[in-house]
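K.L.:
Going by my numbering, the first residue of the sequence shown is number -6, and it counts up by one from there.
There may be inaccurate statements among the hints.
Claimed, not checked - Pair ranges (Cβ atoms, derived):
hint, residue 1, residue 2, range
1, Ser(-1), Ile106, 18 to 28 Å
2, Tyr147, Asn222, 40 to 50 Å
3, Ser15, Asp158, 17 to 27 Å
4, Arg13, Ile122, 32 to 42 Å
5, Ile122, Glu16, 37 to 47 Å
Hints are computed from structural coordinates only; laboratory data are not their basis.
Backbone N, C-alpha and C define an ideal beta-carbon position, used for all residues, glycine too.
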Amino acid sequence: MAGVFSYESSEIDWCEDNYRHSEHVAEYFNTMSSFFFFIISPVMLYLLHPYAKERSLAIHIVWIMMIFVGLFSAYFHMTLSFVGQMLDELSILWVLAVGYATWFPRKMFPAFIKDRSTFSRLVLVVTVITTLSSFVRPTANAYALNCFGLHLLYTLAVEMRCCTDQKALRLAKMSVTLWVLAISCWISDRVGCSFWQQLNFCYLHGIWHILIVIAVAYGSTLIAYLDANYEIPYSLPGLQYWPCDKWAVGLPHIVLKGTTKTSKRC
C-alpha cells in the first residue's frame, strides 16, 4: 500500500526532466503551472456568482472542484506517484460529471429521460462505474478523459448552429481555439517528447495546464450562458469580460439584466 504513494510509482512520466530544479519536486514546471487553477478558479467563482445565485448555487461546485484539480495535479507532478495520478485524473472526471449534470442541454437528453434530476442520477451511475474501471488500465485514463472533450465540442457545435449572438459566437471560437492549442500541447508532450528534448523545451504539459484552465473558463461560461437563456430567460443574460469588457480579452462572465420579478411578464 505504501508503494502507491511513493515517488515515481505511477507508470506515467511526462517529458519534463525529473528533479532538475529541486530534489523534492519531480517535475518542477508542471507542478508550478498547476497553481494557475488556484488563480483562475476563485475569480470565476466570484464572476459567476450572480448567475449561480439565480440558477443554482450547485454550479459553484464546478469551480470549487477545479481548485482540487489544481491541488491534485500539483501533487501528482511533484511526486509522480500512482495515488497522485489517480487523484488528478478522477478529480477531472468528477468535474466533467458535475458539468454534464448541471448544463447538458435538455433537448439532447436520451429519449427515456424526462427531467434533469433523472439525468443527473444517470450521470452519477456512469461516473461511479468509470471511476472504478479507471483502476483497470490507468495509463489509458487520460486518453479517455480527452474523449469527453470531443463530445463537448460536438454538443457545443449543435448548440451554436442557430446562435446569432456575436459575443457568444466569438466566445465559442475562442473556447475552441484555446482547447485545440491546449490539446496540441498535451499530445505533443506525450508522443513527441524526443523531438522537444532535442530542442531542450520540455514544458508543453505545463503550458497545457495554463491553456486548459483558461479554455474551461471560456467554455463553461459559454455553456452557462446558453443554459441561462434556456432555464432562466427572464434574467436577460448577457456576456461581459473581466476586468474590462471593452477589451474583449480577459475572463468571460454572465451579467443578468432581469430579475425574478420579470419572470411572469416574459
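K.L.:
Does each hint fit the structure? Answer for all of them.
P.N.:
Going down the list of hints, with the structure as the test:
no., hint, verdict
1, Ser(-1) - Ile106: 18 to 28 Å, "violated (44 Å)"
2, Tyr147 - Asn222: 40 to 50 Å, "violated (20 Å)"
3, Ser15 - Asp158: 17 to 27 Å, "violated (47 Å)"
4, Arg13 - Ile122: 32 to 42 Å, "holds (39 Å)"
5, Ile122 - Glu16: 37 to 47 Å, "holds (40 Å)"
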